[in-house]
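K.L.:
Numbering (the UniProt record's numbering), first residue to last: 1 to 691.
Keep in mind the hints are simulated off the structure, nothing from the lab.
There could be a bad hint or two in this list.
In the DMTMM-like style, the derived pairs of lysine to aspartate or glutamate whose C-alpha atoms are separated by at most 25 angstroms in a straight line are [what the hints assert, rightly or not]: (1) Lys351 to Glu397; (2) Lys201 to Glu187; (3) Lys581 to Glu373; (4) Lys351 to Asp440; (5) Lys91 to Glu60; (6) Lys262 to Glu187.
Ranges of calculated distance between the beta carbons of each label pair, as one might list FRET restraints [said to hold, decoys possible]: (7) Arg630 to Gly308: 50 to 58 angstroms; (8) Asn579 to Pro193: 23 to 31 angstroms; (9) Lys367 to Met666: 40 to 48 angstroms.
Even glycine gets a Cβ: it sits at the ideal position worked out from N, Cα and C.
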Amino acid sequence: MAGNTGSGVEWHVRPPNPKNPIVFFDITIGNIPAGRIKMELFADIAPKTAENFRQFCTGEYRKAGLPVGYKGCQFHRVIKDFMIQAGDFLKGDGSGCVSIYGHKFEDENFVAKHTGAGLLSMANSGPGTNGCQFFITCAKCDWLDNKHVVFGRVLGDGLLVVRKIENVAAGPNNRPKLACVIAECGEIARLTPSQLSEIEKSPAHLATYPESFGQLLTTYTPKFLGLQQNFGIWPAASYGEDVIVGVIDTGIWPESSSFNDKGFEVKGIRAQGFETSEEEEVEFLSARDFSGQGTHTASTAVGNHVPGVSYIGYARGTARGVAPHARLAVYKVAWLRGLATSSDILAGMEKAISDGVDIMSLSLGLKQTPNFEDLIAIASLSAIEKGIFVVCAAGNEYNFKTTKNEAPWITTVGAGTLDRNFLATMTSKWGNMNEAICKDSALDRKKVAGKVVICDSYRLNVSQQIMELERAGAYAAVFLTDKSSGPNKFSIPSLMLPTASGTLIKDYVTRVKNPRVKHMKFALTRLSLAQDISIQTKPMDPGLIYDMDLQDYIEFVCGLGYTMKQMSTLIRRTQWSCNNKSIRDLNYPSFMAVLTNKTRYPVTMNFRREVTNVGNDTAVYRAHLENIPRGMRISVKPRTLTFTRKYQNLSFVVGIELDGEFPFPMVKFGFLKWIDEDSHIVSSPIVVINF
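Taking the hints into account, I'd like the entire structure generated from these sequences.
P.N.:
If you want it as structure tokens, here you go:
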């Protein structure tokens, strides 16, 4: 093979060849799903052997018109620290042999070696006896070199599934005592543009999505929401007891104190990783968290009470999640570089739906696309249909049209502003700070170690400068920047100053012969946060609710002007009914009039809503309008809703009239409040936006 002897190549970790086929096994152990083994076939090294295996994976090879292959086949031989063997779909005991070329075929070559775990190799009974049987190595097996043909390798965390099979107890003839079955198998297609074009011409083709990458979007939440340990929603809801929260993120660090389940039944019901679709080595071949984001988001959602927590002395108190008694399922879809492929996100969401979680949480987002192209939106609608509540991050941007995960069936949560500041004070009094470039490898450790360094941050990212300061052993840093910054994790004491203030410091440093820092004082201050304790009980007795089901969302999508194919892609149906409702009639507890440069004035927009009485058997609600901006006229018909029984539905229409043009860009809002005699106040924002 082009003179390649394979010497020195670590075949189990070699760089992938994008032209090689990728196949997969979905494994069950004792009828319980164990995960997916994804494999690269070395068609560039052993094309004949690879093609034999590929066709048995896809079922392309047929006998008497029926597909023949590995689907339903069992691993019939398992030897720990050596290998797992399968492929005998004829007899199931290791004696069956067939190939796509007939009965047996010759050894193609021995270029690839048995250098480690996860290699695919042909099982044989001697030279030139290759057929359908194969084995996967569980360790280095160099004594098999030049005797068995290596033709592929396991990718990503598929090796975890191999380990699961390897550790199944075996009986006579090394046969596993639990059935380890290839429940499903096939090829993961890599198509050329011309091949894709041909497939898209088929009537059976529904949609094709190019791989895209999602970005991660990221303590104090319970107090901000007014949750009290012994009063209000928390004890009334049993702190989320027995609710299963599925977190789709970077994994979890299970040893964290936030997940201490002492005194509880099993809290973590599942922690599963979905191998990166980029064929490369990843940081942990498991659901273990490398970056910390998944652990952070999971603890925010369901973290147990952890007293005495602080960040290097700041914000000391008790860390807790919103539902500390809930159960946790973690699905790792984002890996070392903080990127998650759309296919991995979809696989994680699909698994969470299959596992039956009650809530699905995603602090990540894909690029903005129409709903029928957004895999998170499509999978979320499937989850909603199953009664799963889906909550996603809105993103970290603040400009118009930058919100992610905006499908109306997703509860999209934006970041809030902390009601506290971390303040630092620096008093200067001589010292050596001559070198403050803070560029990679620019600082002299002998001059910088143990000192305070000024870094001009108008060109470099602060996080990059921090890494250089750590390398050089700086004691602390002063960053001069006009960029806004939220809370950040700094590994050394740091002070951020606007350029104007920083100019004074730089002037001092250049004028004084031996500038010094007398001391740097860091302190925490709080802004006032007033909490009305009655607010905590209101969600338990709302009075009225705006209810929705799948049909409401289908009718909303009907109003977006999608084609039949786009509708089918999104709602996964070939038949549906629409009542020709306006998209403004989606039963949201809010009213938004969207204006553009094409809007003609005067303009009137109507919004129909339906509310359900979940309070007293009889109730009378009256409409109150508050803070309506000048130039906007609001009508509510009827102005009174009279309920004669509990769970009765009544509808009303809100009209928004605008005579003159609104400035661009502009957002103005007021409120509609339905108020009854028992002090129920059901408030809805009325928003006019021009962008």
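K.L.:
Indicate, hint by hint, whether the structure satisfies it.
P.N.:
For each hint, the structure was consulted:
For the hint linking Lys351 to Glu397, the alpha-carbon distance of about 29 angstroms lies beyond 25 angstroms, and the restraint is violated. With a CA separation close to 21 angstroms, the supplied pair Lys201 and Glu187 stays within the 25 angstroms bound. The straight-line distance between the Cα atoms of Lys581 and Glu373 is roughly 23 angstroms, inside the 25 angstroms bound, and the hint therefore holds. With a CA separation close to 43 angstroms, the supplied pair Lys351 and Asp440 exceeds the 25 angstroms bound.
Taking the CA atoms of Lys91 and Glu60, the gap is about 20 angstroms. The hint holds against a cut of 25 angstroms. For a cut-off of 25 angstroms, the pair hint linking Lys262 to Glu187 is broken: about 44 angstroms separates their Cα positions. The beta-carbon spacing between Arg630 and Gly308, approximately 52 angstroms, falls within the hinted interval of 50 to 58 angstroms. Evaluation of the 23 to 31 angstroms hint for Asn579 and Pro193 yields a failure: the beta carbon distance comes to about 41 angstroms.
Restraint check, Lys367 to Met666: a C-beta distance of roughly 27 angstroms breaks the suggested window 40 to 48 angstroms.
Of the numbered hints listed earlier, those contradicted by the structure are 1, 4, 6, 8, 9.
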